[in-house]
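Colleague: Starting from the known structure of chain A, fit chain B onto it as the hints suggest.
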Amino acid sequence: MKVNTDEIVSVLKREIAEYGKELNVEEVGTVLEVGDGIARVYGLTGVMANEMVEFQNGIMGLAFNLEENSVGVVVLGDYLNIREGFVVKRTQRILEVPTGEALIGRVVNPLGEPLDGKGPINTKKSRPIEIIAPGIAKRHPVHEPMQTGIKAIDSMIPIGRGQRELIIGDRGTGKTAIAIDTIINQKGNGVICVYVAIGQKSSTVANVVEKLAKAGAMYYTIVVSASASDPAAMQYIAPYSGTAMAEEFMYTDGKATLCVYDDLSKQANAYRQMSLLLRRPPGREAYPGDVFYLHSRLLERAVKMNEKYGNGSLTALPIIETQAGEVSAYIPTNVISITDGQIYLQPNLFASGVRPAVDVGISVSRVGSNAQIKAMKKVAGTLRLDLAQFRSLEAFSQLGTELDAATQKQIDRGLRLVELLKQGQYQPLTVEMQVVGIYAGTKGYLDSIPVEKVRLYESELYKWIEATHRDVFDVVREKKELPSDARLKEVLSEFTEFFKKEHK
Amino acid sequence: MNTDSVAYTYAMALSQIDGVDLKKKEAEMILVSEAFQSPEIKLYFDSPTISIADKKEKLKKAFGQSVSKEVLNFLFLVLDKHRETFILSICAGLTEIADKEFNRVRPYVILSRNYPEKELKKIISEIEALINVHRKDFGIENQSDKIEFIHKVEVQPDLLGGIYMRVGDYMWDSSLSRFLKDWKQRVLSGAVDQNAVIVAE
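Chains as they are written, first to last, in the numbering used here: chain A, 1 to 504; chain B, 1 to 201.
Bound-form chain A, shown alone:
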């Protein structure tokens, strides 16, 4: 690049000539005290709640507490560089973030500033991070599936576009893995994904970004990161920023979007920290009284818009980390009651090798089968029933008593179905594969296969159908219907015989 100084001078001259034509009086205040990321400011009489303010050294802040004699400002940057007596200027703008195509594939902080070293984000679009969620008139009931690519979820806990499905579990149970798999599975679906990392280690976020990039998912994904070392305010606004970025695509382009908030318990902790520092009265578990509203106003922005308003959707996958399986703690119960269902991950299932460790017994999706294609609806009904029967009989089998043939058969079926629902990480399956796989399991084609060979059977079945009987997959993919029982029977019997011969 060569900088043309003459041109600079001429542009500057023009700017100077036009400068100061109108009187720009700005409202200011003075920093009284600062500490722990909170500045108390005197002045700023007309400041709005949630308005961005600018300290004299360029650091931004958020007017958070409007009190009688001062304003509690949350510092969105390094508060150690702010001193008593600093001038604070109003910006007359509610906190907003840059939005648009330029953000796709980028890793940004909650203010939309790049963190990936790939240069500035060239966009002129921006959106306020907080908006009132659309009302009933603009919404359409959730009806389209948001495929996660995970058999256990898509079959029994289906998620629809515009739904809010909580992923809950202890640490190390694979919560993030489910969210990442869901993002990876959106490849080629036209869904814009936003992954919001809150209070995580930067190395973990870097790892997620690498995994997404490796899977080719960064071409349609935005990563918003407020890591553990960022101020509490950044962690507090991160989910709202991510949602605003997704909303731009939903409202302007009518696109389907997916937002993952990983995780909201850390956001609640950040909010608690800010509230206590601002001397708001603590309530249960020291959270402030409005911690429910913190999450409800965020998750209420998940929506399936009706045709008149562009048909876009925003699906929310909030994640909550429980402590020792304590789902009755304050934040988990709050978010469970806000969302349209939850995927519950069990540490003991995870330890026993059932991965994803989804406890299908207590996981629910309140949208139900509305968000499933017809073919999946047909096969999944039997699956749930078979697994429920298996769970009730499983206890008997552990007693070592002799069982009648029918009971033994049900237990054997259950063991194979549990094995069938196991799935490797970063290996999302298409809906047609899931349908055929589950059909084989529920119709007893796996009964004669040893349990340890079920996963091999499954993976070879998909390859075999893809190579020799594509029409089976085509019917499910295109017509969303289950192929005729006769056709499925023919294909599955043929393959089962072939597999048994091959793996004697």
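These are computed hints drawn from the structure, not numbers from a lab.
None of the values given here were measured: they were computed from a predicted structure.
Please note that a few of the clues may not be correct.
Unchecked claim - Below, computed lysine to aspartate or glutamate pairings styled on DMTMM-like, alpha-carbon distance capped at 25 Å:
1. B:K100 <-> A:E68
2. B:K181 <-> A:E84
3. B:K181 <-> A:E96
4. B:K184 <-> A:E96
5. A:K89 <-> B:D158
6. B:K184 <-> A:D78
7. B:K100 <-> A:E26
8. A:K443 <-> A:E466
9. A:K187 <-> A:D474
10. A:K89 <-> B:D182
11. B:K152 <-> A:E84
12. B:K184 <-> A:D6
13. B:K122 <-> A:E26
14. B:K100 <-> A:E67
15. A:K89 <-> B:D99
16. A:K125 <-> B:D182
17. B:K69 <-> B:D21
18. B:K184 <-> A:E26
19. B:K136 <-> A:E54
20. B:K136 <-> A:E68
21. B:K184 <-> A:E101
22. A:K124 <-> B:D182
23. A:K89 <-> B:E128
24. B:K184 <-> A:D116
25. B:K42 <-> A:E33
26. B:K152 <-> A:E26
27. B:K81 <-> A:E68
28. B:K146 <-> A:E26
29. A:K89 <-> B:D137
30. A:K89 <-> B:E141
31. A:K89 <-> B:D169
32. A:K89 <-> B:E154
33. B:K181 <-> A:E113
34. B:K184 <-> A:E113
35. B:K136 <-> A:E26
36. A:K89 <-> B:D4
37. A:K89 <-> B:E96
38. B:K181 <-> A:D78
Modeller: Positioned in the frame of chain A, the structure of chain B alone reads:
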């Protein structure tokens, strides 16, 4: 001005005491506050180990001749109510009340360099005229009465050029440094055509 509500309440009460002119009360309180700015005096009056009676005695000795009976009684009351730490804030509050009463405005002006007295006067009069015209923009409630200006002028070379002015909670920054900062922001955000200034090799 920065006064908390307790101090402001006391200042309001003092301003409403009959018998002494507000201007006189203000001048007397400024005298007291100047004394209280000394760390030793402040330490003495803030100390809980010294009795109120002793403190009153000292106050009477120090200000008995120079302040009115009403102001002295007010100071005694402040001591009785253990509000001695608020004396400086009360004085600031009283000044704020007097400013409102007498329609005073205190522009804090920063210039980039020293100007000869004649030029400085001209600048000041321009500033006064500007504030007079844009009273509402500067948060001045009284739109009709004549304004009494009390200027504070400083020189800060960082300004590069132009004027920075603050009136209460309102700021008018027409400095060159601000202009350059804004311009940089506009170039970075794409509001100014970068092709006009950068030629690719």
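Colleague: State for each hint whether it applies.
Modeller: Going through the hints against the structure:
1. B:K100 <-> A:E68: holds, 19 Å
2. B:K181 <-> A:E84: holds, 23 Å
3. B:K181 <-> A:E96: The hint holds at about 21 Å.
4. B:K184 <-> A:E96: Judged against 25 Å, a Cα distance of about 20 Å means the pair holds.
5. A:K89 <-> B:D158: holds, 19 Å
6. B:K184 <-> A:D78: holds, 22 Å
7. B:K100 <-> A:E26: holds, 21 Å
8. A:K443 <-> A:E466: Holds - the C-alpha atoms of A:E466 and A:K443 are around 20 Å apart, at most 25 Å.
9. A:K187 <-> A:D474: Roughly 19 Å between the alpha carbons, so the hint for A:K187 and A:D474 holds.
10. A:K89 <-> B:D182: holds, 14 Å
11. B:K152 <-> A:E84: Holds. B:K152 to A:E84 sits at ~20 Å (cutoff 25 Å).
12. B:K184 <-> A:D6: holds, 17 Å
13. B:K122 <-> A:E26: holds, 24 Å
14. B:K100 <-> A:E67: Holds: B:K100 and A:E67 sit about 23 Å apart, inside 25 Å.
15. A:K89 <-> B:D99: holds, 24 Å
16. A:K125 <-> B:D182: holds, 19 Å
17. B:K69 <-> B:D21: holds, 13 Å
18. B:K184 <-> A:E26: holds, 19 Å
19. B:K136 <-> A:E54: holds, 23 Å
20. B:K136 <-> A:E68: holds, 22 Å
21. B:K184 <-> A:E101: Given that 25 Å is the threshold and the Cα spacing comes to 24 Å, the pair holds.
22. A:K124 <-> B:D182: holds, 16 Å
23. A:K89 <-> B:E128: holds, 23 Å
24. B:K184 <-> A:D116: Cα-Cα ~22 Å, so holds.
25. B:K42 <-> A:E33: Holds, because 21 Å separates the two Cα atoms, which is no more than 25 Å.
26. B:K152 <-> A:E26: holds, 19 Å
27. B:K81 <-> A:E68: Within the cut-off at roughly 23 Å; holds.
28. B:K146 <-> A:E26: Roughly 23 Å between the alpha carbons, so the hint for B:K146 and A:E26 holds.
29. A:K89 <-> B:D137: Distance ~15 Å between A:K89 and B:D137 Cα, so the pair holds.
30. A:K89 <-> B:E141: Distance of about 21 Å is within 25 Å: holds.
31. A:K89 <-> B:D169: This hinted pair holds, its Cα atoms lying about 9 Å apart.
32. A:K89 <-> B:E154: It holds: about 20 Å lies between the C-alpha atoms, which stays within 25 Å.
33. B:K181 <-> A:E113: This hinted pair holds, its Cα atoms lying about 18 Å apart.
34. B:K184 <-> A:E113: Since the Cα atoms of B:K184 and A:E113 sit roughly 17 Å apart, the hinted pair holds (cutoff 25 Å).
35. B:K136 <-> A:E26: holds, 12 Å
36. A:K89 <-> B:D4: holds, 21 Å
37. A:K89 <-> B:E96: holds, 22 Å
38. B:K181 <-> A:D78: holds, 20 Å
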